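K.L.:
One-letter residues, chain by chain:
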Amino acid sequence: MRPGAVYRMSSGVEGKDLDVLDLQERARFEQLVLPHLDAAFNLARWILRGRADAEDVAQEAMLRAFRFFRGFHGGDVRAWLLQIVRNNCYTWLEKNRPMELTTEFDEELYPQAGANPESLAIAGDNRERLTRALEELPPRFREVLILRELEGCSYKEIAAITSMPIGTVMSALARARQRLQRTLTQTDSARNQEANREL
Amino acid sequence: MSCELTESVLHGYIDGELDAARAADFERHLASCAQCTSALETQETLRASIQHAGLYERAPEALRRKIEAQYRGPAPVVVAPVRPRVRPTQWLALAAALILAFFIGVRLLPGPTGRGGQTELASAIVDAHLRSLQPGHLVDVVSTDQHTVKPWFDGKVDFAPPVRDFASDGFPLQGGRLDIVKGRQVAVLVYGRRKHVVNVFIWPTTDPDMSPQSGSQLGYNWINWRKGGMEMSAVSDVSAPDLNELQKLLTE
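One line per chain: the protein sequences are L and V, in this order. Position in the first sequence (from 1) plus 181 gives the number in this note's numbering. Position in the second sequence (from 1) plus 19 gives the number in this note's numbering.
Just chain V, with the same shape it has in the complex:
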């Protein structure tokens, strides 16, 4: 004889979801139903097995850091304002701010190459790096072949980024994309390093050469340098020595 309670109320009982009256009813039923008694024992064993098998999988530390970095701190990293919509009044405010900043800047600040400019740039590229890690944002052209990636930039940017694959040195080229950093269009080369991603941002500059400056922000390392009319910034969660190695390869 089959008892229909085995496949319904029994589970509410196991889960402690029956109210007191129904639970008491079911206990009375148990005393006279061998099928439910046996099923109860089996189900309790099964439940204990599931709960003691260590099946709960916690979020990996890297994911936690990535997400915390995205939602913490004052930088609005969640938006990708590729085409910011600015109202005319905001243009006026912006213009006024720029004029003011210019006069203050001329008097007080060491200029865009100073430490302040560096930190600001670091924030911008770390933001861009985080944005690129969103699903579907990393590469516009997927290729490990420098001869595919290089021509892809033709006509999209008005300079020729040096595209090279460093797979034999442990930095395989994964592709490229266009991005906006501090309002300026930049070329981005994406390299792999073991399971990590390195973004290299490249744009032309008229400033003199500068030896590499590095630092870290929100748990990401960055390195920034200028050579031969190109400014480059590499960002990643790989170690600083790894980034230095890539920097050397890129300037060879």
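Next up, chain L with everything else stripped away, as it sits in the complex:
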């Protein structure tokens, strides 16, 4: 036992002995991992499209991270934690909403519209519309956008979190952004048509 280790227990949780971290490790966990709770929750919220489910999964992911923390030897803590969160999200989706993982983005539904920066800017002002448009993307496109635009992750970090080759990250982002833009401009033109009908 290392100096400073106070106790160690094991119990038969999930049929596997579970080492309880000693106080030192607990403090290290608190210092290194807990500050990324917001990132963990935000990613889960966007993959799962709901706060309540995200709370459950983020909590579960933290517990998992806590268990695996011994195996973490330096490096990018946030990417390490987000990888666990992401995996837990997909396991959760497989179990609870498997359809979401197989539904592909319907290209027919969102024909390529002429890109119009002004209409995008207007759309972007509307948080709700942007949220809806993001939520219409398949989870695998949504997650790269969230990691890049909201979490500010580099391609290298996104590759680590999503287990995607680093070369694929750029094209995944390109496709995700294009689809998002199409969804937004499509809802824009639908709205305009409706407005015209009413006139």
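If you are wondering where the hints come from, they were derived from the structure by calculation, not from laboratory data. Keep in mind the model is a prediction, meaning the values are calculated, not measured. Note that beta-carbon positions come from the ideal geometry of N, C-alpha and C, so glycine has one too. A hint or two may mislead.
[Said to hold, decoys possible] Facing chain L, from chain V, some residues (calculated, C-beta under 7 Å):
1) 52
2) 65
3) 70
4) 72
5) 76
6) 90
Keeping the supplied structure of chain L fixed, place chain V upon it in accordance with the hints.
P.N.:
What follows is chain V alone, placed relative to chain L:
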């Protein structure tokens, strides 16, 4: 004419992921490619929209408190040692410790009903409460019907916990489960209070009746009392007055 860079390198450029030489190449390309120039403008607008829409959602305070409580402090709350594995040598150590504790206890401590015992019990029930909040741990029998929950305990514990629904008083029964608190099997009734969960731990006792004692630990309120041969402890993150109200209902 379609430019293939629009759907690849352009994004590396926007994201600042191209090295200096490739970025310079792309800028030269931009000067002669209307499609990329227009796409760049659109994508930059889109990115600004996403970043300024306030889409980042921070963890709720309740979740943060729950997680901090789990991983902070000396109590190993993360494990649920329902069936602790103890080696024979540990039994010996435990026996020795108990004998020693007995002699010291007899001389010095006010006994298990004293303040020390109370704090220890509070830690144990707060730990059990936190454990119950892990996904899938809250209830063994899910029912809002006291006539379903009550018989469920038959044969599982050797006493009859008083199971009642207080939905009309704002504490709907959600179910029950078995748990272990300080090495003893206890019956647990789970009540809802608005969106919060209240765990009520119940076990038989031969100690005399005791008026409610309450306190808080790790941000959770608890209340503990004994009446008519039953000891009960309620724990929750609801307010202390709310817990007092439930305590009164349970002893009526």
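K.L.:
Each hint should be assessed against the structure and marked as holding or not.
P.N.:
Each hint, compared with the structure:
no.: 1; hint: 52; verdict: violated (14 Å)
no.: 2; hint: 65; verdict: holds (5 Å)
no.: 3; hint: 70; verdict: holds (6 Å)
no.: 4; hint: 72; verdict: holds (5 Å)
no.: 5; hint: 76; verdict: holds (5 Å)
no.: 6; hint: 90; verdict: holds (6 Å)
When the structure is compared with the earlier hints, a violation turns up for hint 1 alone.
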